[in-house]
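Given only the sequences and the hints, what does the whole structure look like? Please build it.
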Amino acid sequence: MGRTEKSQGLAPPAVRKVVRAKQARQIINTQVVKILASNARAKRGAEGSILIADPGPVIFGASEKETEDGETYVKRKGQGRRKVRDTEPMLGNQDHGKRNTKKRNDSLDDHIPDLTSAAAVSDSPKRELKIRIIATDTLTAAHMLALPSQYGEPDIKPTKKSPNVCVLNHASPLRPGGGVFSGATSQEEFLCSRTTLYPSLKESFYRLPEIGGIYTHDVLVFRNSLGLGCKEGELGHHHSYWIDVVSAGMLRFPELEGEEDEVKRFSKKDMELVEAKMRGVLRIATSKGAKRLVLGAWGCGAYGNPVADIARSWKKVINGGKPTGKRSRITKDIESWPDLEAVNFAIPNRKMATEFASAFDNSLEVEVGPHEADEDEEEEEQDAVASELRDKIQEIESQLSSVWNPALKHRLSAMLDGLKTQLGERVGEVEVDDTDEEQQEGGVPVAGDSDDGI
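Heads up: the sequence shown begins at 1 in full-length UniProt numbering, then just goes up one per residue.
It is worth saying that the hints were derived from the structure and are not from the lab. Keep in mind that the hints are not guaranteed to be accurate.
[Said to hold, decoys possible] Listed next, the in silico SDA-like pairs over lysine to any residue satisfying Cα-Cα at most 25 Å (straight line):
| hint | residue 1 | residue 2 |
| --- | --- | --- |
| 1 | Lys-161 | Lys-291 |
| 2 | Lys-316 | Pro-55 |
| 3 | Lys-288 | Glu-275 |
[As the list claims (entries may be wrong)] Label pairs and their calculated CB-CB ranges:
| hint | residue 1 | residue 2 | range |
| --- | --- | --- | --- |
| 4 | Gly-227 | Ser-267 | 19 to 27 Å |
| 5 | Glu-153 | Glu-234 | 23 to 31 Å |
| 6 | Glu-210 | Ser-38 | 35 to 43 Å |
| 7 | Arg-411 | Glu-341 | 40 to 48 Å |
| 8 | Arg-207 | Tyr-151 | 33 to 41 Å |
From the three backbone atoms N, C-alpha and C, an ideal C-beta is built for every residue, glycine too.
Encoded structure:
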């Protein structure tokens, strides 16, 4: 039998992009504003976001100091809060010269970090970290951790002190929300148009630090992964939920090493920087009490980072790598995350998820999420990336003709070869028929937007 209804053709990509931009502006400028005006918790979260640059190692079980009405209090894990006497040594106290107990304080301070860390690990049984790679979007992966009973998993009874699921926002390092107001479909834009995240990304925080990022507590998720124009995508009061977000930027357009017939890999310098970025994200999240994380193929979309290297770097950092820097002595050269219970890697592109899983751990199978990514949006974003790569290639080719320094010319040539290789790989994945349409879709600069791994 034939169709009972007339088929509906898709609008051109440029038109759909304009529609998405309009919908995102409407949601952020109207709906999010109303939510913040009526929800005190969401407002506190948006206004209380903080920028954390170059976070140091987390000492699990260490004491926290608070000052109230001129009195100093100390909080220790499992011991509550109590007032500190004048003669009592303080953890991390730097002003030893003003006390007569200098020797006692110095000896205690030298050993407290190691003792508290060891006690924290030995007193509580270490849980096995559950890692999953799911072909789905970030918010669906977060929902699976927040409300596991809805997905056939054992339920977790939340309490007032239970930490939210913490999500990594693959953020633009240059501007809040990346290309959310221009209709881009990357992960950051996806989050900003479905949560109260955008108001927390304050202009004063940018440019984001090389290592570190913005921490936002209590971000309200009020839409699911369905399209912005879909009414079924709105979550009612009883179905909305809370997440915490770390917004950080990944390395962009790295100079990859390898011959033409070899797999392109990070240079040693770039690999160390990527691992430092990842370690910074985990330090921020765990220092805020996060136990369940949603990560992703960070930087493997528009930023051109190799999927396998990103997967291996995540594995090394999560399992405990060897950090560099002045503070490595405190962590005994190994930095682990004993409080982490679960990590979901959300990678909507099934092919990318499979490649990521094979590099991360061959024993892990890619799970199919309950909501598959919009293939049309994936192709559209890939087309935009191909267009931006072509623009970058043309820019470097024009620069080469005017460069006389041999060393600089050699470096630009190497960058050009790498970009051409990336373009060839992308064109092989996505067939592009209309060059003019590509130029329209490439209107959002890749260097200023987040990567496309939702």
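Determine whether the Cβ-Cβ distance between Glu-210 and Ser-38 falls within the hinted range of 35 to 43 Å.
At roughly 38 Å between Cβ atoms, Ser-38 and Glu-210 fall inside 35 to 43 Å, so the hint holds.
Falls inside 33 to 41 Å, the C-beta gap from Arg-207 to Tyr-151?
Holds, at about 38 Å.
Holds or violated: are the alpha carbons of Lys-288 and Glu-275 at most 25 Å from each other?
holds, 20 Å
Take a quick look at whether Lys-316 and Pro-55 sit within 25 Å of each other, Cα to Cα.
Satisfied, since the Cα-Cα distance of roughly 18 Å is no more than 25 Å.
For the pair we were handed, Lys-161 and Lys-291, check the Cα-Cα distance against 25 Å.
Measuring from Cα to Cα gives roughly 12 Å; hence the hint holds.
Can the suggested window of 19 to 27 Å be confirmed for the beta-carbon pair Gly-227 and Ser-267?
violated, 40 Å
Supplied distance hint 40 to 48 Å, evaluated on CB atoms of Arg-411 and Glu-341:
holds, 45 Å
Does the beta carbon distance between Glu-153 and Glu-234 stay inside 23 to 31 Å, or does it fall outside?
holds, 25 Å
Violated hint for the displayed structure: number 4, the only one.
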